[in-house]
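Participant: Residue numbers (the numbering used here), protein chains in the order written: chain W, 2 to 237; chain E, 6 to 348; chain B, 36 to 323.
Don't read these hints as lab results, they were simulated from the structure.
Each hint should be verified, as a subset may be incorrect.
Stated by the list, open to error - Pairwise CB distance ranges (calculated):
hint, chain 1, residue 1, chain 2, residue 2, range
1, E, H279, B, V108, 43 to 49 Å
2, B, V192, W, K72, 49 to 55 Å
3, W, P57, B, G187, 41 to 47 Å
4, W, K166, E, P188, 37 to 43 Å
5, B, P120, W, Q68, 26 to 32 Å
6, E, S242, B, V104, 55 to 61 Å
7, E, P188, W, D226, 52 to 58 Å
Claimed, not checked - Anything over 12 Å on all C-beta distances counts as not near chain E; from chain B, calculated:
hint, residue
8, E168
9, V222
10, Y244
Backbone N, C-alpha and C define an ideal beta-carbon position, used for all residues, glycine too.
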Amino acid sequence: MMNSLLKLDQLQTHIGQYHILQGIQFEAIEGEVSVLLGRNGAGKTTTLKTIIGLTPASHGKVMFEGQEITKRKTYDIANLGIGYVPEDQGIFKGLTVEENMKVAIRKETDEVCEKQAYILELFPDLKKFWKKAGGHLSGGQKQMLSMARAFVNDSKLLLIDEPSKGLAPIVVEKVMEAITEMKKKTTIILVEQNFIMASRIGDTYTLIDDGKTVHSGSMAELIGDEELKRKYLGIG
Amino acid sequence: MGQEKYYSLKNVIFLIIIIALIFFPYVADSRTLTILMTQVFIFSILAMSYDILLGYTGIVSFGHAMFFGIGAYTTAILLSMYDNTMMIFLISIIVGMIFTGFVSFLVGLLTLRLKSHFFAMLTLAISGLFLVVAEKWRTVTKGNDGFTFRAPDLFRDRVFFYFFVLVCLVVAFLVLRRFVTSPLGKVLIAVRENEQRTRSLGFRTLHYKVIASIVAGVVASLSGSLYAISLRFVNTSVMSMDITLDALLMTIIGGVGTLVGPIVGSFVIEIAQHYLSGLANDYPIFERWIIFFGMLYILVVIFFPKGIVGTVYVKYLTWKSKKSRPQQPKQSVPLVKDKERLE
Amino acid sequence: MDLFINLFINGLATGMLIFLLASGLTLIFGLMDVLNFAHGGLFVWGAYSGIFAYTWSGSFIVGILGAIVTGFVLGWVTEKLIITPVYGNHVQQILITLGFMLVLSELIKVVFGPNGIPVEVPSYLAGSWEFGEVILIKYRIFIIFIGFVIFGIFQYVLKKTKIGLIVRAGVMDKEMVQVLGINIKRVFLFVFMTGSAMAAFGGMLMAPYSGVIYAEMGMEYAILGFIVVVIGGMGSFSGSLMAAILVGLAGSFMAYYVPYLSLAVNMILMAIVLIFRPQGLFTNAKEG
Ligand SMILES: Nc1ncnc2c1ncn2[C@@H]1O[C@H](COP(=O)(O)OP(=O)(O)OP(=O)(O)O)[C@@H](O)[C@H]1O
Ligand SMILES: [Mg+2]
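Chain W on its own, in the form it takes in the complex (with noise of 0.2 Å):
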């Protein structure tokens, strides 16, 4: 049952003359939450990137599903059922809710109107400000708009770049339920910088520094690693 969906193969990244990842090794299993952490300009949001092909590799391999998906375009890679909600959310400021969901939704079936349906419980505020443009948003709500558009499709995985960012402790509450939620229909690759939302939702981690992946495990032994964490998190 351990199906490798995602998997990365010393993955390296330039931006510009920059040389940014410099060999991440990383694995996602089916059905699992992996949590990517490391310290700020670790090279967290660039490995999400380099998924989803907004700049691309240099050297190494993406494969998903069984199949290298490293030099593919981006919205290629989107097609394939990978959803990514970006550090910035990445919401069209000027368009409503409703007209970003639109935006995102591939083809209107029977079932991505069941699955909107479904996401509109699981955020009662998007539907509360159906109409609102999306610059107007707060905070959560743009959050929580980034996400159900990534997940609006049928989604095989979410690439999620630090959630909680910004966000007063009772709005990360929700969105980690919303998380918790989601993770029953899909696999999830999370950013996070909060250790112990983290901890709470994660299976795996993978810890990145300097570009590079130094550890990967269960989040079990992790919690239980309190060199590790100071090490690479300062934290414990």
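With chain W held as given, fit chains E and B with the ligands onto it using these hints.
Facilitator: Chains E and B with the ligands in isolation, oriented as in the chain W frame:
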């Protein structure tokens, strides 16, 4: 690149070219060629002044012709109102420069606050207004018909005029080069690279941009004055969009932000224009020589995106770094960043 | 009063023609941020090829279709060959599109000859209705009508259809649209072709209106188009429509009452707008 030496490759080439240009009028057997080269120099000055805006400050102006036109009209009007002496001519250059300095100061203050597109369009509008004034103020400008005037007698000698313009070009080049390598020029380059950041470092970027606009305007006025003399005639075409476009195209073709580039660009465009239109007499396909001219622009963008000088310079740098470090493993990163412009 | 109405209709018709040209630029310059100086070339090619099809078939409708097809095809060629290498780089856009503009307008002379070509209004649109002193020239009314129809269609497509939504989203955030699985390049190609077809269509309608077509008309109208896009507010269709009407009316009234200013009126309008309301006369903060 470290300390520049007096015998550096750059300076040697510079000297060779100057010597070649000094002998040129005596070697070239036809008057046409001398006149053509004079024209190249005049437009080199104009294009260099444009490069201060485009290449060093990163602003696209569609109104450069107004400064050129002011220079041309000032010289033409003063020479026809007073005597056609050298004195009056020199005074007219000064007056033109002061006037353009003033105008570019005002226009700069008014326009340079705006973001790129809007700045470009506003300069287009203002220079359009100058063009209309030139057209309608017939008592002074004779409108679109224009008027002829007598140039100072010394300039009857085309070779003398050639040297006069050459000296102007060299002086303008040296002054502008001094300008762009000065601390002030460094700030301008910083503005080009990232205006926001430069501002946050405490520079009042508007001031610097206005200064660049004044310098560019004043130098453009000089080229306008010379242009009027070269034709001994002036009409509204000196204020037209075509002049701006010429300056723009010469700068881009030669290579923005290089100062040498605009000179090369002016040479290429003037010569191409001359020969392509000349070919039309012999070969009917060249009747529509402008098509080839248009294709030249397209090819330059595709094959020399940094302009001629820019591209050659990058090649030279690559070659030099290869030569000095032969054992270097192949680098996966380009040596010069795509966006990085030359200095 | 009659004079007023005549000048008004006249200005409105001119404004609508400018709008057709500017609507393409609104897409290309306003939404996609591409400085396309070859736009005027597409306008001329629309006029020439449309008139060619019109004379050849004898049907004005066929002429219009011919112009639109030419616009689409040339739009495709322009985007693929000329624009794709220079997305995001204004300086190179200026150089390459100006070069292409020269090629396009000179090719007109090669293909159709260097002289202007006279054009007549089709018989069913010729003539005028007279109401007392007021003379309504049919072709002008026709142009005004078409202008509003086109405006309505664009408004509908942009606001109410999926493709319109994608275009608007793509302009706000190119990357994010791709992340959502949309091939933005293909969308932009389509937008570009539509904009070019609009320019060609505008050129075709312009031809009987001005009575003669010539290769140089492209650049003149392209500049008017840029002015209108700026006055109206970049990327706003309603803004472009209002600005085009304003420019048309101002031109028509000024030419009658203060002829010596009529040349300058567009420039003055644009300068005033840019100095006092650089976001455009007709945009509110949200849209801009
Ligand atoms: N466009 C870019 N140009 C140059 N450097 C970049 C660019 N994007 C990211 N970097 C650099 O790459 C490194 C990794 O960035 P990344 O955003 O992936 O870090 P991160 O782990 O997500 O950090 P954070 O926790 O702060 O979000 C950083 O040092 C950053 O400065
Ligand atoms: Mg990050």
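Participant: Each hint: holds or not?
Facilitator: Now the hints, each set against the structure:
The given range of 43 to 49 Å is broken by H279 (chain E) and V108 (chain B), whose C-beta atoms sit roughly 35 Å from each other. At about 34 Å, the CB distance of V192 (chain B) to K72 (chain W) disagrees with the hint of 49 to 55 Å. Between P57 (chain W) and G187 (chain B), the C-beta spacing of about 42 Å keeps the proposed range 41 to 47 Å intact. The hint said 37 to 43 Å for the Cβ distance between K166 (chain W) and P188 (chain E), and at roughly 41 Å that hint holds.
Range check, P120 (chain B) to Q68 (chain W): about 31 Å between beta-carbon atoms, so the 26 to 32 Å window is met. The beta-carbon spacing between S242 (chain E) and V104 (chain B), approximately 38 Å, falls outside the hinted interval of 55 to 61 Å. One distance hint, 52 to 58 Å for the beta-carbon pair P188 (chain E) and D226 (chain W), holds here, with the actual separation near 54 Å. No Cβ of chain E comes within 12 Å of the Cβ of E168 (chain B); the nearest lies about 33 Å off, and the non-interface call holds.
With a cut of 12 Å on Cβ distances, V222 (chain B) stays outside the contact zone with chain E, its closest approach being about 22 Å. At roughly 24 Å from the closest C-beta of chain E, the C-beta of Y244 (chain B) stays outside 12 Å, upholding its exclusion from the interface.
Checked against the numbered hints given earlier, this structure breaks hints 1, 2 and 6; the rest are met.
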